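If you read the sequences in order, they're chains A and B.
Numbering that gives the first Met the number 0 puts the first residue of the first sequence at 0, with every later residue one more than the last.
Numbering that gives the first Met the number 0 puts the first residue of the second sequence at 0, with every later residue one more than the last.
Among these hints, one or two may not hold up.
In this list, chains with the same sequence are indistinguishable; a pair is considered to hold if it fits within one copy or across any two.
[Claimed, not checked] SDA-like mimics (lysine to any residue), calculated; alpha carbons at most 25 Å apart, straight line:
1) K122 / A363
2) K122 / Q358
3) K21 / D312
4) K20 / L360
Derived from the structure by calculation, the hints contain no laboratory data.
All of these numbers come straight from a predicted model, not from anything done at the bench.
2 protein chains.
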Amino acid sequence: MESADTIVPGFDAAGIAAHIKKSGDPDLALIASRVPCRAAAVFTRNAFPAAPVLYDRRLLAFNPESVHGVIINSGCANACTGVQGDANARATAEAVELAIGASDHSVFVMSTGVIGVQLPMDKLLAAIPAVTAALCPDGWADAARAIMTTDTRPKLFTHIASVAGQEVRFTGIAKGSGMIHPDMATLLSVLVTDAAVSQPLLQAALTQAVNRSFNRISIDGDTSTNDTVLLLANGLAGNAEIPDEAGEDYAEFVAALSAICTDLAQAIVRDGEGATKFVTIHVNGAANDEQAHRAANTVATSPLVKTAFYGGDANWGRLLMAVGRAGIQVDPERCSLFVAGGPAGSEHLPELQLVDAGQPLAYAEADAAERFAQVEIDVRIELGLGPGSATVWTSDLSHDYVTINGAYRT
Amino acid sequence: MESADTIVPGFDAAGIAAHIKKSGDPDLALIASRVPCRAAAVFTRNAFPAAPVLYDRRLLAFNPESVHGVIINSGCANACTGVQGDANARATAEAVELAIGASDHSVFVMSTGVIGVQLPMDKLLAAIPAVTAALCPDGWADAARAIMTTDTRPKLFTHIASVAGQEVRFTGIAKGSGMIHPDMATLLSVLVTDAAVSQPLLQAALTQAVNRSFNRISIDGDTSTNDTVLLLANGLAGNAEIPDEAGEDYAEFVAALSAICTDLAQAIVRDGEGATKFVTIHVNGAANDEQAHRAANTVATSPLVKTAFYGGDANWGRLLMAVGRAGIQVDPERCSLFVAGGPAGSEHLPELQLVDAGQPLAYAEADAAERFAQVEIDVRIELGLGPGSATVWTSDLSHDYVTINGAYRT
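Next up, chain A with everything else stripped away, as it sits in the complex (with noise of 0.2 Å):
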């Protein structure tokens, strides 16, 4: 957790119970900024987009400039809920609106949780007061709480940068621990910053530091359809506002923007559901970064090798069966594997090589097995075939997984 010392200024943060979750526990969250702010979003591309994802769209379209803020339920993904549901999406962005004394049409809506069922209105809207009356400078770690669902642990991550020779400041929460793949937003996060850039940059930045980091995740291979990343930006921090994409300051917003979307990402993976194993998956030498990113996707998303992660089982082969089933350009006679793996946060053991261009290798089996033993495990794969490379974090599939996926509701 942060202290208010190194939050981003500017924002106050809530999250309180509601009672939309039987559990009682936090489910609605309010992020207000006292400035008006810029905002940038990426959203799910999901064909069936839930009724905020629908409203916020619209929102960005028509007033990215004079944000004042989001409020974020988690219990109800308002997502195939039809008209009912967009008219709850908008009733709920309208009275946040009139508690904050924020203008029309500034506040976006979140939700996350069960599809299919209305959201309460009656309990949310009842909640509205008094998750206004929460918000604070430090309210961050009750945000990040409040919009757990399947999440063990909150996701919440402050980082200082420099950036066109100011000090800029940003803070994030995401939550998210099943539904979650890559070539999509990941599930919901809300970023802030003080800096100052101009909202077409702001936009270009988050889209590629999504790319980089939310979109090379995946736990099960499955896409939400709420998935949705918020960056607010309300230029506090008094730099020169970054004009275009030319120069070196906005290779450093993206660049300090990735560290903190990636710093969330990666705690989204270390938290999936059921997830026992942090798995990465470096695919180099394909045709090109789309297809290495392919092939790693697939790797990550396999169940046997999900399966075989979370046994611990030297199962290599079907690492290449997995690539082998991406559809992309593959020569099995230049392929070659290597895997090492380690404890979290302390350095691995070095790699093994377990193919070298197609022919496996007489590797001693008691080095691979303590390799795949281990909590964090890392894959590479050369594919000798040109210059693309990617990659991917995920998590193994484990007998909790389909725990908390086969009674979710219940």
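Assemble chain B onto chain A, guided by the hints.
Here is chain B on its own, set in the frame of chain A:
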């Protein structure tokens, strides 16, 4: 199990323990034809085909008209085994040709089991005299048993059909309960028939039948390096040879072949690794059949959908979520969803509609829960866009799937 009276005449089968498996369970099967057969086959599309797949592809191209049998081992896939693996596949075929007195290049080879390990050729070659000696017309049950890996039951069917006014027979065995996915040939299946069909037509018919059966099932979305379906036809039924695709005779043959393939394919799903449910996914109203198939497939392979089936959880939002990420044309406002279900082998409950044109219906939760709690669940998704439709059969994702695959090699 079938009696020797009904199986296809002219073929002998056997299954014995060659001690390739540590367990001592049967692991070597031989199917031999007393007369030369025509052969057709469908192979995996995985980019890392196993050595026996490479061998069989060459053999089918070289000699599709005068085939004498197939040798199949379980316990070792001979996949990702480099040049040594290629030599071992060839040596196995040659040893069987010698043992059964068949001409050169007339015996196919199949392997299934762990990837990346060389065949124990000493054990395998030493067992060939014994498996040859065991050949007999009613050895099919032994053969079906010897090709099992994580299968819990042998899969053997015999069908009698009328083709070109003549009674013809089909006998088939199959194995496979993990690494199974549509759009590829499934795991191993050997089919024999006494119908007289020209070789090019035999291949066309097998491809069609596989597309209607084995390519419509999914257990875990993974695809093996070894998947092979082989069809041998000895012509002993004495029907007038089917000469082309134009007439009704060919349609009858494809229908009969599809029927036995569907029985085998559904038996594989019912015996899927850890499977506790048999789920049928119908998608109608897609822009075309290919899009319908992709949607049905995405639903059938979604870990969140499959764990909900396992838990008997009426979490139908996950079904739409999966359709939404299938990458097909979808209009949420036209999408409707129905569910039914029942016990295996008896009448199912009537369909319950959950969503109508994008709007969730006020169905009784108990009615939905009752259907999702059945051993067989039927899902129908209507996209309302076009004439495309597809049906896919799948299983649930259970704790046992994780147990089986977390420690497959150990």
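Check the structure against each numbered hint from earlier and tell me which ones fail, lowest number first. Structure breaks no hint.
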